[in-house]
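If you want the building blocks of each chain, they are given just below.
Number of protein chains: 4
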Amino acid sequence: MIKAGIIGATGYAGAELARILYGHKGVEIIWLGSRSYIDKPYASIYQNMFELIEGDCLDDRMDELVGRADVVFTATPQGFLASVMKEEYLRQAKFVDLSADYRIKDVRVYEQWYQIEHKSPQFIEEAVYGLCEVNREKIKAARLVANPGCYTTCSILTAYPLVKEGIIDPDTLIIDAKSGTSGAGRGAKVNNLFCEVNENIKAYGVATHRHTPEIEEQLGYAAGKPFRINFTPHLVPMNRGILVTAYASLARRADGSFPSESEIRAVYETYYGGEKFVRVLKPGVFPETRWVEGSNFVDINFLVDERTGRVIMMGALDNLIKGAAGAAVQNMNLLFGLPETEGLEFAPLFP
Amino acid sequence: MIKAGIIGATGYAGAELARILYGHKGVEIIWLGSRSYIDKPYASIYQNMFELIEGDCLDDRMDELVGRADVVFTATPQGFLASVMKEEYLRQAKFVDLSADYRIKDVRVYEQWYQIEHKSPQFIEEAVYGLCEVNREKIKAARLVANPGCYTTCSILTAYPLVKEGIIDPDTLIIDAKSGTSGAGRGAKVNNLFCEVNENIKAYGVATHRHTPEIEEQLGYAAGKPFRINFTPHLVPMNRGILVTAYASLARRADGSFPSESEIRAVYETYYGGEKFVRVLKPGVFPETRWVEGSNFVDINFLVDERTGRVIMMGALDNLIKGAAGAAVQNMNLLFGLPETEGLEFAPLFP
Amino acid sequence: MIKAGIIGATGYAGAELARILYGHKGVEIIWLGSRSYIDKPYASIYQNMFELIEGDCLDDRMDELVGRADVVFTATPQGFLASVMKEEYLRQAKFVDLSADYRIKDVRVYEQWYQIEHKSPQFIEEAVYGLCEVNREKIKAARLVANPGCYTTCSILTAYPLVKEGIIDPDTLIIDAKSGTSGAGRGAKVNNLFCEVNENIKAYGVATHRHTPEIEEQLGYAAGKPFRINFTPHLVPMNRGILVTAYASLARRADGSFPSESEIRAVYETYYGGEKFVRVLKPGVFPETRWVEGSNFVDINFLVDERTGRVIMMGALDNLIKGAAGAAVQNMNLLFGLPETEGLEFAPLFP
Amino acid sequence: MIKAGIIGATGYAGAELARILYGHKGVEIIWLGSRSYIDKPYASIYQNMFELIEGDCLDDRMDELVGRADVVFTATPQGFLASVMKEEYLRQAKFVDLSADYRIKDVRVYEQWYQIEHKSPQFIEEAVYGLCEVNREKIKAARLVANPGCYTTCSILTAYPLVKEGIIDPDTLIIDAKSGTSGAGRGAKVNNLFCEVNENIKAYGVATHRHTPEIEEQLGYAAGKPFRINFTPHLVPMNRGILVTAYASLARRADGSFPSESEIRAVYETYYGGEKFVRVLKPGVFPETRWVEGSNFVDINFLVDERTGRVIMMGALDNLIKGAAGAAVQNMNLLFGLPETEGLEFAPLFP
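So the protein sequences, as listed, match chains X, G, B and P.
Each residue of the first sequence is one higher than the one before, counting from 1245 in this note's numbering.
Each residue of the second sequence is one higher than the one before, counting from 1245 in this note's numbering.
Each residue of the third sequence is one higher than the one before, counting from 1245 in this note's numbering.
Each residue of the fourth sequence is one higher than the one before, counting from 1245 in this note's numbering.
Hints were generated in silico from the structure; no laboratory data involved.
There may be inaccurate statements among the hints.
Same chains, same names: a pair is fine if it fits in one copy or spans any two.
Unchecked claim - Think about it this way: if two alpha-carbon atoms lie no more than 27 Å apart in a straight line, the pair counts; the simulated DSS-like pairs of lysine-lysine are:
no., residue 1, residue 2
1, 1520, 1382
2, 1526, 1284
3, 1349, 1363
4, 1284, 1384
5, 1284, 1382
6, 1382, 1433
7, 1433, 1526
The model shown is predicted, which means the values in this text are computed figures rather than measured ones.
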C-alpha cells in the first residue's frame, strides 16, 4: 500500500487527487494538507467526501510528511515546492509536483513568465516532465516529476505527432484553447463568481499565458528546434473541460506535395494506437469536452483543409483529471511500478 | 459473471446504466437495445463510451434477450414492459423495470395518473417495489423489481423515518422538488432545448405529476393509512440532481409536546445509520446536489422550526444514479446475492 | 430633470439601477458612489456601460450628495443608511433605500433577524414600505421609501389578494422560493464561485432568512392579524430571476364550501387587472423566470388542488429589476409625479 | 409610422426582431408570420411578450403582406426568400432578409456552400450587403438588404480596418469563433438539448461553415483581392453572444518594420471612432460577451504579439441583436431615413 500525502488538498486539483486516490486500491492517503483549513474535517470542506474521507486538514509540515509518505503530491501555488525542496526530501519520498516549478528547464524562462525567483534551480535538471505518453520510461526512474499543465497536456498531445513527424510547419502553429472554470481555482475572486462567468466567454492571458513556454519547450524537443506559437486561452461557463483548436500549415514534402488525410491519420494511430488514455476519434467526429468529463481520456482528431493548406487539430480533456490529478496518479503508478491505468479506469460521466 | 441486457440503452437513464455496468466487475453487458439507433455503434451515440463499449445497438427482441440474459433492465417509456411481459419471461430472467409499470399496486391509480391502460396487471402483485433501504429482503427473492422513480426515491427516503415513527402529521406533508434536466429525457423537444432551460426555473406538472401517487402509496404504508400530499416538481438549469424540500407539521405527543431536534435526529440515525448510500448530514449542513452528483448517495437532513411547529426535511440525490440506474444496479446486486454496494462505490464528482 | 445619486452603485442592484436610470428620460445620474472603487471610471467596473456612463466612482459623502441630488438611492449593506440618516437629509432629498433598514416597523424584530442595532429608529415610523401595487398613494407623499426585498416582493404580490380576501388560511402558508445567483451580491465569496453554484441547487437560510419577518408583517396587514410562515429560499444556477411556489389551505366559507378556481381568478383580476407590472397568466400557464428576465414584470398564477384542499400560488420576477432597481425607479416615479411606468417599459429579454 | 411584417417571427432571431420593433417608436408590427404556429397567439409562443404583443401568428402570405407592409423582414431558413421573390414585391415593400439568400454575389459560391439551388439569382446583384458600418450609403438607397450573418458581422468588423489598411497579411488570417446556443435556432434537435450543450464546448462545421465564404467575400473587397481563411465556430453553453478571436501575421512595410500597437490603434479609431455601435476598448481590455449581451454593440480590441509577429484581434457581440435583429432594425432605420440608432439604444444587460 503506497502511502500518499497531498499538500494543497483543498484546491480543486488537490481535491480531485484526493477523490481519485480514495478510489485507488493501492494507495492510502495519509496526509491532507491545507493551510487554509487546518484542523477542519476534510469532508466539511469537500462535502462530497462525507463518510468517505475521515481525517482533518493538516498544516504543511514537509519534514514530517516525507518521513511518513512514499509519495508527496504538491497541488500548490507556483513557487511553493521550489522554496522548500531539499535533497533529503527527495531521498525520503517521491514527489509529483502539480505546480509549474520544475516543468521548464531554462530557469530564466520560468522566472520571466512566472515573475518569481526560483529558489531551488538545482533540482530542475533532474526533474522529469511528467507527460506519460511522451516520457514514460524516464518517469519510471524519477524522484521528482513535474506534472504538466492542463492546457499544455491537451495542446502537446494534440499536436505532438504532427510536429515530431514534420507534418506541419511549427512556426505557423496557433493554439486557441477553451477551458472550464475549475481551472481558475477555488480562490474567492470577483472574476470567478457565478454571475461573472455564466453567460460569458472571454479570452484571457492573451499572448502572455504561462503555459505558452511550456508548450513551446516540449514541442520544441519534438521539432528538434525551438519555435514560437500563439496560445490564447478562453474561459467557458462550465465546470470542467479543455478544448484545444490548433491551426498549422502543412509542410510540403520534397516533391512539393502535402501529406494526405490518411497519412496523417496513420501518424496519429502510430503514436496513440497503444495509448489507453488517448483516443483518436473516427474521421469526422471531433472532440467535445462532454465526452471526456470525469475521465482520464484525451480525445483527439484533426481535419485537413485543402482550401488553405492547413490542418486543424483538436483535443479535449478533463482539466482536473488528465489535465492535473489523473495525470499525477498516472505518474505515481509509473513511479511505483503499478499498472499505469490503476485507479484511473472510470468512464466519462455524461450528461 | 451476470449477463445483463438493457432495453432502452440510449436514453439518459439507460446510458447511465450501461456506464455503471461497464464498471461493475461481476457483470457483462450482452444487449444494448435501442429502437432509435438499431445497428449503430453504441459508442457513436454515447461517445463517452468510445473504446469502452464496443457493440451496436439492437432492436427490442425480448424473446431472444430473455434466453441469453440473466437480468433484463427496461429503461423504457411507461407502458412498454407491461405490454410485452409474460410469465415465461419471468421464468427465464430477472427483470428490473425502470419505468413505472409495476410500481403502483392499484392498477386504477396507475391508469388514472398515467392515462394508459395497463396490459399485464396480473404481474403487479408479484412485483416488488425496489427501494432497497425499505424493501431489501423482499427484493432479494423477487423476479420482477419495480425500480422507483427519481423524485419518489428522494422524497420517500427523506420523509420515511418521520412518517413511520409518527413524528409528523402526514396530512400536512408538502414536497417541493427541484430536478436537473436529464430527468426530462433525451427526446428532442423545444421545451428542453438549452436556450429554453438555461437561465430559467419553472414548476411543471403542478398537482398532476405522476410520481405523486407513488410517494403517497409508499409513505402510506409507513403511516399505516392513506394520505394525500402536494408534490410540485421544478426544472432547474443543471444536468443532474434532485433536491427535495419537504414541509410537515410535527405531531404532538400524548402530553402535548413536540418531539425535539435531537429525538428526530436519533430517529434518522436509527433508520439510516447502517445504510451505506444514505448519508444523514451533520446538524446545520443541508443537502446540495453538487455533493452527490455522480454517486449513488442520498444526502438527508432536517430542521425543526419552532416558530411554526413544522419540520423541514431535505434530501438530495443524483437522479440518474440513485434515482434510476444506480438503484437498478443496487437491486440487481440484491437479486443475485452480490454485495449491495458492488460497482457503486464511486465518490461524487465535484465540481 | 431629476438629479439622482446612487450610494452602492457597483453592487449588482446598484449597477442595475444605474443602467435603468441611464435609459430613463427624466433622470440625470449625478453621483455614482462606491467605496470599493473610488476614482475609478464606473465603466471600467461595469464594462457594459462603456461609452454610456462616463463618470468615476465617488466616495460616500452624504452631506454633499443631498445638497446636489433630488433623490438618493442607497443600494448598500444593511445598517448603512440607518447609521447616517438625519432629519436634515430628508429635508434636502428624497430617499429610496434598497436595504432593509426601514422596512420593518417593529425595531426589535429588525434587530433580532438582522443581528444589528438600528441607529436611527426614529425614522422607521415615517418610512413608507415601497411596494407600489399595495402602497401607491402613501409612496407619493413620502420622503423615505423602504424599497422591498426581492423575495418579499415576489412572495407578497403572489399571495396578497388571497390573504386579503380571506381565501386562504394564512397559518398554513408555506413559501418555497428559488433565486438566481445575482441575489447573493458581487462579494468575492467561495460559495458564490461559478464552480460552486453551477450544477447545484441548495436551500439556504432555512427557517432563518431575513425576508421572513418582512413577508409576515406585510401579509399580516392584509390578513388583519399576525401569522407565521415557513419561508425557504434556494440558490439556482442562473443569473437572474426569482420563482415563488406558495402553498396554503383554502379557507372554508360559512357554508363549508371552498372557493372555486374561477372565484379565485376573479380575485386576482380585481387586484391586478389594472396593474401594468403584474401579469396574471392564463389558466394553466405558470410563471417561469425566463419570461420576466430583464423586465419589471411579476408573472403570477395559481392552481387549486381539490385532492388536498390547497391552493398553489406561483410568482416570478427579475430579482434585480422588479425585485430591486426597477421597483426603486417605480417608487421614484411616484415620488416625483412621473408616470409610474416611465423608463420601465422594456420587454423581457428571451432567450 | 412604418408598417413592418416579419416572416419567421417565432424563431429566436424573428422573436428578437419582434421584441426590438415593439420598443421602436416609429414602427408598428402588422404581421407576425409563423408557419409552425398559425392562428396561435404570438404571446403564447413567446410568453415574455404577454400583454405586450396581442396578435396571432399568421401564415406566410407574401402577396398580401407586401400590400400592407412598408418593410418585410424575413427571418427564414436559407432558400425561402429566394424561392418566392419577385420584382413586384420589391416595388411594393422594402425587404430586409436575415437569411443568406442574397449575401453572396457569386451564385455558384452560394449554391456550393449552402447546397441548394438559388431560385432568383437575378436579384443578387441589386441586393445590398447590410453591414451598416461598411455599406451605409448603399443601404439607404436599397430595396433589398441582405442582413449579414452573426459570425460574419463579428468577424468582418473585427478585422476590417486592418485588412483594408494592409496592416495584416490576409492569407494568414485565422478566425476562431465561439457562439452561444441561440445561434443554433429553436428547432427541436437532440444536439441542442440542455443536457447536450451544458458542460460542453465543441467545434462544429470545421472548415465547412457557411459563413466562411461570406467573410472571405467581404474582407476580399477590403483587401482588394480574394483570399482564403480558416474559420472555426464553437458552441458555448450560454444563450447569447459571439466572441471572435482572429489571428494574422502583421504585414511588413517597405522598410521591413512592423506597424506598432499605437499605429494599429489609430487605424481602429479612424474607422470606428464615429460609430455608435462599435466600441473600441481601451488598451488591455478585451471583449467579453457579457458586456454586450442585450445590446446592439460590437466590442473590439487587439493585441500585437511581438514574439510571433502576429496581431490577435478580438470582437464580441450579441448574436441575436447586432448579429441579426438589431442589425436588421439598423438597416431599416437607414432605409427609411430614421436616425440609425432609433430603437436600438438600450444598454447591455449584466449580469
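Unsatisfied constraints (hint numbers, rising)
4, 5, 6
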